[in-house]
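Put chains B, C and D on the given structure of chain A with help from the hints.
Chains as they are written, first to last, in my numbering: chain A, 1 to 191; chain B, 1001 to 1191; chain C, 2001 to 2191; chain D, 3001 to 3191.
Source of the hints: derived by calculation from the structure; they are not laboratory data.
Hints should not be assumed to be uniformly reliable.
What the hints assert, rightly or not - List time: in silico EDC-like cross-link candidates among lysine to aspartate or glutamate, alpha-carbon distance up to 16 Å:
(1) A:Lys3 to B:Glu1181
(2) B:Lys1146 to B:Glu1181
(3) D:Lys3138 to A:Glu136
(4) B:Lys1076 to B:Glu1055
(5) C:Lys2003 to C:Glu2181
(6) A:Lys76 to A:Glu27
(7) A:Lys146 to B:Asp1133
(8) D:Lys3138 to A:Asp133
(9) B:Lys1138 to C:Glu2136
(10) A:Lys3 to A:Asp94
(11) D:Lys3029 to D:Asp3078
(12) D:Lys3101 to C:Glu2181
Protein chains: 4
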Amino acid sequence: MSKLYFRYGAMNSGKTAALLQVAHNYEEKGMKVVVIKPSIDTKGDDKVTSRLGIERKVDVMLAPDEGIMEHMILDKPDAIIVDEAQFLTLDQVDELYAITKIYGVPVLAYGLRCDFQMKGFPGASRLLELADDIEELKTICRCGRKATQNIRLIDGEPTFEGSQVAIDGTANITYDSVCGECYLKLRRHHG
Amino acid sequence: MSKLYFRYGAMNSGKTAALLQVAHNYEEKGMKVVVIKPSIDTKGDDKVTSRLGIERKVDVMLAPDEGIMEHMILDKPDAIIVDEAQFLTLDQVDELYAITKIYGVPVLAYGLRCDFQMKGFPGASRLLELADDIEELKTICRCGRKATQNIRLIDGEPTFEGSQVAIDGTANITYDSVCGECYLKLRRHHG
Amino acid sequence: MSKLYFRYGAMNSGKTAALLQVAHNYEEKGMKVVVIKPSIDTKGDDKVTSRLGIERKVDVMLAPDEGIMEHMILDKPDAIIVDEAQFLTLDQVDELYAITKIYGVPVLAYGLRCDFQMKGFPGASRLLELADDIEELKTICRCGRKATQNIRLIDGEPTFEGSQVAIDGTANITYDSVCGECYLKLRRHHG
Amino acid sequence: MSKLYFRYGAMNSGKTAALLQVAHNYEEKGMKVVVIKPSIDTKGDDKVTSRLGIERKVDVMLAPDEGIMEHMILDKPDAIIVDEAQFLTLDQVDELYAITKIYGVPVLAYGLRCDFQMKGFPGASRLLELADDIEELKTICRCGRKATQNIRLIDGEPTFEGSQVAIDGTANITYDSVCGECYLKLRRHHG
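Same shape as in the complex, but just chain A (with noise of 0.2 Å):
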């Protein structure tokens, strides 16, 4: 059985370094992988970059209402890779579901789980519900805890409200990692 892999964590826990790892695994074993970013995703545009330095092109750039078949069908890959998975929609996380078991590709799925607001991605939900493999992709909080919840700022100060996608870097806007206690706390004195 093929699976559906779920990789999640806080913003800068190193999801993308990680993806970059396993299409490199897979391509020195002479096999193919085709890496998808949701184009909701603007930064970088066809890129995935990780803040180690390293980046790689992306094989597809997926619009909200295109489908992954007819990728698949041309590119035939042994596994595909999606980053900024919480961008997918929810009958595209099925239809990769259904890739895996119906084909027998793997599909490894990298991204947050709550905005700003702790609420959850629609395309991560749907991929927590569904997954066959989940797990995290550990950070630190300035606190030396965990960091599971990010935190929106802009201009450096914590903010609450606001829409779910603001993406990273425009209208001064930046993102932190924290653990759950500290966003409580953060959330009284600024929310």
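This is chains B, C and D only, laid out in the frame that chain A set:
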């Protein structure tokens, strides 16, 4: 930091036995637990019952509009344990998360992820979004693969229509756990 | 590929209840399991017994110089389940690994990692080196942290000298599970 | 409680990239890490190098008879990170465990489990016995299964004889990672 743990698994994967073991482990060390069951689950009344033949009285039958803090204050538990956690409301999951962070009481929630139509139970989806620690309780499909999905049977026949909640044993309904491949095959034949 | 699974945990973490659940899950689907216990463990004779009050007859009491394949051939199991797997010999672990790969029969082994002196049991160390899938069964220390080490008590007093194997309940010996910090503190005071 | 983490994986599973990511995550939050490499590993001198094309200077090249505490005192790190941890001595692993418990400094160790003869590296076996948290870094076998074992190649030919330590790239030696089934098949043909 106290954590919100979510232990998910298909029907008959041993969630209740695992829950009873954890309660036993705490009490053996002289600590106090509160066992909660959402009242929407009417099977077994105010008991949690494992197919291994062991059971335990539930401390709190939790109505959908009820909060958890009030029970906390009375009982001052060292841990909160929730059976059939997929039936929690979104607010109750958020409250449990806050309890782990603000009061430092660990919460261990056991439940299903998806219903017989592969749709997430709202309480489970929220737990997957927020839990600090997610782990699968595994069981086996008749084909030998890991069972991850739930099939609803009426008089032994797979059915793919009906309401999300229909408790095991009522109206000739039973459930079986299957792998994703067997689920999709059965749905093509019976759906 | 069938896998060699090792489920380790400190004393009283619920290893036997988990084992009984897995056996039940297989049998409920009409599959056959063989439950093995190394004969070095004399507690409970030919039974595996959980502190939750459930038990089961062992199919094979395995002597240290005995092979496993012969039992396989007679019983043609769908899975092999081993209790007290820390008492397996190195050769037996290697044989179990080969059985999973050559005959495609999954093996689920449950056991301790380290003895009361924090020294690895040889069978457990070999399982940790070879297992395709390693998972911890967790329990709680009196201090609230995760218990990972085992303390030997003689008449209730911690002791740090003695032979590796001394079965629970003989010669006034009992065991308790503690976290690493409590273990090291106790050893400074009593060791 | 600070933990001793052991992240194991076959050759080329991405252990060093994961290590570099963790170091980056700590430093991005303004925390200090000490990166240790046992001096027995002569590849890359005083650098840790990932096949993804990223590297970092090692802070401490650790000789087999050297202790770790002295480096701790000088550097007062927020975390200790160990590359090629399979080459640690038993005493060094025990010391790292004590450091996590007594001084509250987390230790993240990355390494192989078994050598090319499926024998455990002593440092790895001790880490598996003691680590508070064990996780596998996965990679793929040419056959599509998970690679868990390491094959030594001399001029591209599998070999099953020789000393445990022979660093990649010396004396025409290279390594490949394979699944357990492929390992056993290769050994029957070449062993």
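Outcome of the hint check:
Proposed proximity of Lys3 of chain A and Glu1181 of chain B is supported: the alpha carbons are some 10 Å apart, at most 16 Å. With a C-alpha separation of about 10 Å, the suggested pair Lys1146 of chain B and Glu1181 of chain B falls inside the 16 Å cut-off, and the hint holds. Pair hint Lys3138 of chain D plus Glu136 of chain A holds up; C-alpha atoms about 14 Å apart against a cutoff of 16 Å. Between Lys1076 of chain B and Glu1055 of chain B the CA atoms are separated by roughly 23 Å; this puts the pair beyond 16 Å, and the hint is violated.
Only pairs whose Cα atoms come within 16 Å are accepted, and Lys2003 of chain C paired with Glu2181 of chain C is rejected, the gap being roughly 34 Å. Under the criterion of a C-alpha separation no larger than 16 Å, the hint pairing Lys76 of chain A with Glu27 of chain A is consistent with the structure, at around 14 Å. In summary, the hint linking Lys146 of chain A to Asp1133 of chain B is supported, as the alpha carbons are separated by about 11 Å, within the 16 Å threshold. Between Lys3138 of chain D and Asp133 of chain A the alpha-carbon distance is near 13 Å, which keeps this suggested pair within the 16 Å criterion.
Taking the CA atoms of Lys1138 of chain B and Glu2136 of chain C, the gap is near 14 Å; set against the 16 Å cutoff, the hint holds. A C-alpha spacing of about 13 Å is found between Lys3 of chain A and Asp94 of chain A, which places the hinted pair at or below 16 Å, so the restraint holds. For a cut-off of 16 Å, the pair hint linking Lys3029 of chain D to Asp3078 of chain D stands: about 11 Å separates their Cα positions. The suggested pairing of Lys3101 of chain D with Glu2181 of chain C holds, with an alpha-carbon distance near 5 Å, which does not exceed 16 Å.
Checked against the numbered hints listed earlier, the structure breaks hints 4 and 5; every other hint is satisfied.
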